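2 protein chains.
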Amino acid sequence: MSLAKSIREGNRLALARLLTQVENGTAEGRECLNELFPYTGNAHLIGVTGSPGSGKSTLVNCLAFLFRHPPEGEPPRQVAVVAVDPTSPFSGGAILGDRLRMRDLAGDAGVFIRSMASRGSLGGLATTTADIVQVFDAAGYEVIFIETVGAGQAEVDIARLAHTTIVVESPGTGDEVQAIKAGILEIADILVINKADLPMVENTERALRSIFNWDMEDPTHHHPDEPSNVKVSRVTKGWQVPILKTVATDNEGIQPVYQAISQHLQYLYQSQEWLRREHIRLQSMLDLLIQNTLLERWQKSISTETYQKVLNNLVSRQISPYHALQILLDGDLS
Amino acid sequence: MSLAKSIREGNRLALARLLTQVENGTAEGRECLNELFPYTGNAHLIGVTGSPGSGKSTLVNCLAFLFRHPPEGEPPRQVAVVAVDPTSPFSGGAILGDRLRMRDLAGDAGVFIRSMASRGSLGGLATTTADIVQVFDAAGYEVIFIETVGAGQAEVDIARLAHTTIVVESPGTGDEVQAIKAGILEIADILVINKADLPMVENTERALRSIFNWDMEDPTHHHPDEPSNVKVSRVTKGWQVPILKTVATDNEGIQPVYQAISQHLQYLYQSQEWLRREHIRLQSMLDLLIQNTLLERWQKSISTETYQKVLNNLVSRQISPYHALQILLDGDLS
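Protein chains in written order, with our numbering: chain W, 2 to 335; chain F, 2 to 335.
These aren't lab readings, by the way, just hints derived from the structure by calculation.
Just so it is clear, the structure is predicted and the values come from calculations on it, not from any experiment.
Hints are supplied without guarantee of correctness; some may be wrong.
What follows is a set of in silico ranges between Cβ atoms, one per label pair, in the way DEER data are often shown [stated by the list, open to error]:
1) 3/W <-> 240/F: 21 to 31 Å
2) 301/W <-> 25/F: 31 to 41 Å
3) 273/F <-> 318/W: 14 to 24 Å
4) 72/W <-> 25/F: 52 to 62 Å
5) 76/W <-> 332/F: 18 to 28 Å
6) 330/F <-> 273/W: 47 to 57 Å
7) 10/W <-> 303/F: 17 to 27 Å
Heads up, incomplete: computed chain W residues facing chain F, CB under 10 Å, no partners named [stated by the list, open to error]:
8) 132
9) 251
10) 254
11) 294
12) 308
13) 325
Beta carbons: idealized from backbone N, C-alpha and C, even for Gly.
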């Protein structure tokens, strides 16, 4: 039986084997991805992003458990977790206590947890994540969590892989408003304030609500200190970003997040948003693939010797970076 | 007089003009960069990175002021600040109070502050930052701060542009240890705990010190929960990362950071580290340039029509991402 077929039939060993091949970028892995691709497009991809220490891994753990043991009348779902965050307990990067909490999921055959082994290059990481998500999708995992750290451009890139993006904040230094302005507003479908038992939670909540409410009341109004690149497109398109409080370590407040995820999925289906996001998602994936492949091919085309010689001339400032570029890409030694 | 020459002679208007040209990627800007490149390599490039809310902009503000008004016996330096962080008060992205604090530097002709106007693509951002740093370097700015947010891959890329990297933490959620493991240990030359008047500062300090001390006492020992990719190369090479406490809003504890920066510069010169970092820095710059240029050229080579057709086939799952790649790069329609 082919590897792809074994995976489609639920063979976990075959699945694990393909995931490794995909991470290593083997030809067999790529062949198998091609074979599986027609079976993708069914999973609900949920991005979970937040700073280290916001407790997002614990939250994902609780949510995964709830998808496995849902409220009465709802079917349990097959759940996969892809931890892109190197600080995630799923990746083995956190203190022991956190990993102990993950034991709830350990013996469950309906759950598959995969952490990205290496950080690698940025583009490579996002491409590999996309490939791994595809494998889980084709293997019949209905809910796939993609956990990423922070809110930089890299995380925004990875967020484009998801249908629903949960941004996790925790009451902290009181400058949450800054984090929101840094592009989080643009990617959040659901906002979770975790560690809601900490003293400063009211400040955090007030700051978040004021931003979201103000935007909804009057989308044309701009606060004088608001950078002009902050958009509220998703709010105005019929989805109001819920702001929910949890204490994930105590399993508190998880059910409302679970419900918000279901409601967002419904919203995606009922509006044209699901299709639009699939389009963006696959285009991002394709563009990343192109970028990485162009670089790989160029690297193969040039000898290490030539490259080193040009680099040495650059370091000794005999040529400028743009001259070096010209020489390396066009062989222009003039 | 040529633009490059005006800049070399200290004309601020010419400098501002070139910075805009560099940001817009004009041919004149590139020409001027080539002309200026031989005059670079003198500035001390200081990266300052930390989460939104850690107060790194305020710290940079205090440090810049101290470089302008140094302790007796030391010359004042020309200081430039490049704010890559879109949440930075330097970029206009923060609350009014923060920006008011920046007034100390406003009227000083020996200081030039430039924030990156747009986030743009990730690669583009790092390349443009490198170019802008070069301009300041050639223009005679002796100390150049590069302020970036967070500690993701993007920030590590930008940190490679610096000779000395300051990581700013603030007492917060108590999970500082996670942030360190997420690659910060690899890039920090100086660690600053800002907002040291907050209650949890002792925990933060203890967590940071335990990691650094343990690494120094026995570099071969590995903690069982330590991911294997954490390296302590810089510690073992003769530089002990200082951990310093500041309250930047009150201008407290700034002088020790200033001294640590000077000591680190001395260390770089006395060891072979300065040369090694220059090599890494210029190589990173060159690699980014190559990557961006390859993509730009490919984009120009393909018609929007072809691209859209392939993308549509991908979205409808008639072809896989790797098939789409083959078609777009090789015209392979088989």
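Status of the hints after comparison with the structure:
A hinted range of 21 to 31 Å for the beta carbons of residue 3/W and residue 240/F is inconsistent with their spacing of about 54 Å. Checked against the given bound of 31 to 41 Å, the beta carbons of residue 301/W and residue 25/F, roughly 33 Å apart, stay inside it. Checked against the given bound of 14 to 24 Å, the beta carbons of residue 273/F and residue 318/W, roughly 18 Å apart, stay inside it. For the hinted restraint 52 to 62 Å between residue 72/W and residue 25/F, the CB-CB distance of approximately 55 Å keeps it satisfied.
In this structure the hint that residue 76/W and residue 332/F lie 18 to 28 Å apart at CB is violated, the actual value being about 46 Å. Between residue 330/F and residue 273/W the beta carbons are some 31 Å apart, a value that contradicts the proposed interval 47 to 57 Å. The beta-carbon spacing between residue 10/W and residue 303/F, approximately 39 Å, falls outside the hinted interval of 17 to 27 Å. Below 10 Å, beta-carbon pairs count as interface contacts, and residue 132/W has one with chain F at about 8 Å; its hint therefore holds.
For the restraint placing residue 251/W at the interface with chain F, the shortest Cβ-Cβ distance is roughly 16 Å, beyond the 10 Å limit, so the hint is violated. Using the Cβ-Cβ criterion of 10 Å, the hint placing residue 254/W at the interface with chain F is not satisfied: the shortest such distance is roughly 17 Å. The interface hint given for residue 294/W holds, since its Cβ lies 6 Å from the closest Cβ of chain F, which is under the 10 Å cut-off. The beta carbon of residue 308/W is positioned within 10 Å of a beta carbon in chain F (closest approach about 9 Å), and the interface hint is therefore held.
Residue-level restraint check for residue 325/W holds (minimum Cβ-Cβ distance to chain F is 5 Å; threshold 10 Å).
When held up to the earlier numbered hints, the structure conflicts with 1, 5, 6, 7, 9, 10 and fits the remainder.
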